[in-house]
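Peer 1: Assembling the complex is the task here: the two chains are given apart, and the hints tell you how they should meet.
So the protein lines, in turn, are chains A and B.
Quick note: the first sequence uses numbering that gives the first Met the number 0, first residue 0, plus one each step.
Quick note: the second sequence uses numbering that gives the first Met the number 0, first residue 0, plus one each step.
Derived by calculation from the structure, the hints in this document are not laboratory data.
Only a predicted model underlies this, so the values are computations on that prediction, with no experimental measurement involved.
Honestly, I wouldn't trust all of these hints.
[Unchecked claim] A few chain A residues that face chain B, going by a derived Cβ cut-off under 10 Å, partial list only: (1) Arg91; (2) Phe95; (3) Gln98.
Just so it is clear, CB atoms sit at the ideal spot from N, CA and C, and this is done for glycine as well.
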Amino acid sequence: MAEDGSFPFAEGRSAIAFEGVRIGFDGGEILRGVSFCVRQRETVVLLGETGTGKTLTLKMAAGLLKPDRGTIDVLGQKVSEMAESDLLAFRRTIGFMFQEGALFDSMTVADNVAYRLHEDGVREEEIEPRVREVLRFVELEHTLDQLPSELSGGMRRRVSIARALINRPPIVLYDSPTAGLDPVTSQTIITLILRLRDVYGVTGLLATHRLQDGFGLANFHFDPHTDRVVANSENGSGAAALAARTRFLVYRDGEVYFEGGPEEMVNSKDPYLKRFLV
Amino acid sequence: MADTPLQVAGNRAKREEVPSVVEVLEGATKRAVAAVQDYSQLSFRALTNLATSPHYFQDTLEQMDDVGVGSLPIILLSGFFIGGVMVLQTGAQFVRFGQTSLTGDVVSLALVRELAPSITGLLTAGRCSSGMASELGSMLVTEQVDAMRAMGTDPSRKLVTPRVLATLTMVPLLTALMVFVGLLGGCVASVFSLQLSAVEFWRRAIDILEFSDLMQGFSKAMVFGFLLATVGCYKGLTARGGTQGVGRATTQAVVISSVLIIVADLFLTKLSLYLANRVF
Chain A
0 MAEDGSFPFA EGRSAIAFEG VRIGFDGGEI LRGVSFCVRQ RETVVLLGET
50 GTGKTLTLKM AAGLLKPDRG TIDVLGQKVS EMAESDLLAF RRTIGFMFQE
100 GALFDSMTVA DNVAYRLHED GVREEEIEPR VREVLRFVEL EHTLDQLPSE
150 LSGGMRRRVS IARALINRPP IVLYDSPTAG LDPVTSQTII TLILRLRDVY
200 GVTGLLATHR LQDGFGLANF HFDPHTDRVV ANSENGSGAA ALAARTRFLV
250 YRDGEVYFEG GPEEMVNSKD PYLKRFLV
Chain B
0 MADTPLQVAG NRAKREEVPS VVEVLEGATK RAVAAVQDYS QLSFRALTNL
50 ATSPHYFQDT LEQMDDVGVG SLPIILLSGF FIGGVMVLQT GAQFVRFGQT
100 SLTGDVVSLA LVRELAPSIT GLLTAGRCSS GMASELGSML VTEQVDAMRA
150 MGTDPSRKLV TPRVLATLTM VPLLTALMVF VGLLGGCVAS VFSLQLSAVE
200 FWRRAIDILE FSDLMQGFSK AMVFGFLLAT VGCYKGLTAR GGTQGVGRAT
250 TQAVVISSVL IIVADLFLTK LSLYLANRVF
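Bound-form chain B, shown alone (with noise of 0.2 Å):
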């Protein structure tokens, strides 16, 4: 019986030392410097490879269909709700001053600089950042990314390049469009609510916009959408544990993508204010 694997088992588990304080900090502090340079190889090769061939075209038009099409509802629907929302808000305080006419100023300045990118950003990250993470991951613990690296194709290329211009170019566009129906929203609440002119919100809306604001809407906008993208691919690609471990992915895909998009959000706001006064 001394031979048998289960009294080895038992002898092994025996001699294992328990690891300290330092040992365990080391070590995740060890993986999480890993991890963040492997999502920078991820991210950084993603954009090279839009230098060189080949390119997946068909690829990239399916997720830019997914991205685009595919969260057009859900940015609509709440685009429009949060411009009325803007408008009740705001409106309540001017009534004080009786400045209700700046409401169309206000709105308009808050939805482009601010609130139209960051939410069509955390939007596309519950929506895409997600379904990135559990669709890369299933096909990991499936084998059909490696099936893919066996007959000779970078997956890098072939499933990241294609969703990260997806949201590149979709998130940008998304935020354009929230931006028109946070208007509209706006627009009726104000003259239901407020009773402003319709003529008169949309003209102080549109002045009040200089080319910096758009700038900066949009700046940021592609910056999310990098994000979302990258880190999505990247918790799929490196999904461990079957299923179970790829909805873990997708959980912290979307937590992170969220996260990394308001931190994001603070620096970029800083950027660009110095920008606007700088250079515009």
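Chain A extracted, bound-state conformation (with noise of 0.2 Å):
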């Protein structure tokens, strides 16, 4: 982590960059000809009805899978060139918040999010304050000894965010992070995201259908020195600014339909955006 609290970016890049990437399976052609770009420290809200490719993006941008066509750069790597042995050590540097948290049910909240420290090699003394930290900032610190069938759906996606979060990657993919959770808890997984992107820098992709989590990431912003979130139409002429950490992107039919920031989301008098925002 750099002096101000933030995370490490090689400046001057995108964060992640997709250019014309095509994936299909049995079924047909998913994606067709993906082109997009996250820029550092922005969080992008990718938009869309189930089945468009959202987790595939986010699978590819972490080189769990390989598109058909195109490439993908994340951190200034090829992922979508990269060997296999290759893209495990890079993984490594980035954190996938999956749908269901896809922890691991045989081992209690601390090895979960302690696992990637103990496949490093990381030495036991260390291990302990940096997983009470995470575990302190997604508000389950009293959780680490519970296994993960003993959490609520929304403590399961908090843990998830902990585990992430463990080893301090610039980038975060969320995964549908609010599918299936009540209205507060949504909330307190927004608060968590904002939180990421506006105190330590993490540069985010989060793919959603939920239209009301991007309003809450492009409309809000944390404040480190309240400690709690404002909306960015209280930050006076800053507020253009907060609200450009957030952009939207609609997927359609494998291709990108939308692209933009929150205003031009709303102004949009496009009857396919329409239905997002109705």
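Peer 2: Quick look at the structure:
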């Protein structure tokens, strides 16, 4: 971590860049030439109906799937061309939060969160304080010895965020982090993502079909001084800069249908986009 | 209404052509060849992982405990009664020739060369191959395997190699135990049913064995252990279709590994007999 508390970056590059990416399976082509980029320290909200390839996009960004065509560049590395052995090392530099948390159900919360540190051979005396630190960040320090099956759905997602953060990655990929959660728990998850973006400068690519998640990120920011979420409108002239930390990307029929900021999204007259806004 | 999704889907369905028998057979053959290729690659990787770091000793010990200690009750029980049945069956024939003292020889050879490795293999396949397929399959459908990969861990190294190593070492040990309790069961049956002396039974059972017999039995056990673990892991890591798919993978793992063990037994027996004449 840098001295200001933010995460390290290779300056001057897009954190994530997709160029003409295509992928398909037996059922047909899912993505047909997708191109977009995620700038450093911003969060891109990837919207789309079920089956439009949002999760595929995240998995390709993490190198878990290879595109049929096109290039994917993450933190300056050509992920789409890397061998699996190189990808294993690369993936340790990014965080991935899976839709249902994907916690290891035979391990305690502490072991789940510490998994990466154990893999990296970090000393035990260093592991415990780091695990406590990230669990404190997601307000679940008291669940250390519990099994994932003993936690609620929202708690499992928060543990998943903690696990993704344990080695302080500069990029976190969120796969439908609030899907199936009640509004209060969803807000808790969005607050955590805001804190990561605004306090630690984490770049995010967030796949969701809930537009309110995107507007939660676009219209609010986390104020580290007051330690609370504040509406951007309360920030006067800085509101536009804060809103620019979030962009929207909408998939339709395997292509990028819309790319832009929250204002453009809200003011759009496009009938398809209007369906998300209703 | 012309643009409603339902109508579009309906039009597409109508245009779909029914594949010919040749196309179906071609597709099935390709899938089978691809499956054999994937299985071979996974098995090869499971072994080559042993030569490079990192190694998961803790996971390997846990698997050894599960495969070895966990299978102990069924192996011991089965072994004891199989030995007893062998004595009763062979003894009934030897009585006709007045050669009941040969019972120990026959039971010992049959157990060491054939029965103990194959029955241990089949029983362990039923218990562990299914367990591996269901555990890894569940991990796969709940994205735990992807999560592992996303955190920079090679699933073949963390999940497959420890299981293969555990069965490679534990199945021969379980085979040895089955031979012992099988002879124990045979001894009990021969003393009470054939009125043979226990000392005579054990002396003949041990004296008849040669080094090649032990080699044959334990090399078979190692191959069977390798087969049941790799098939279980492969079926688990290729499970598709949610919980139903995991159930299907579990059943297939037991069926395939059991059949493979029986088929491999024939070829290994032929190879062992050839080598016994030439080498040992």
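Peer 1: It remains to establish, for every hint, whether it holds in the given structure.
Peer 2: Cross-check of the supplied hints:
1. Arg91: Interface hint status for Arg91 (chain A): holds (4 Å vs cutoff 10 Å).
2. Phe95: Since the shortest Cβ distance to chain B is 4 Å, the answer is holds.
3. Gln98: For Gln98 (chain A), the interface hint holds, since the closest Cβ of chain B sits about 7 Å away, which is under 10 Å.
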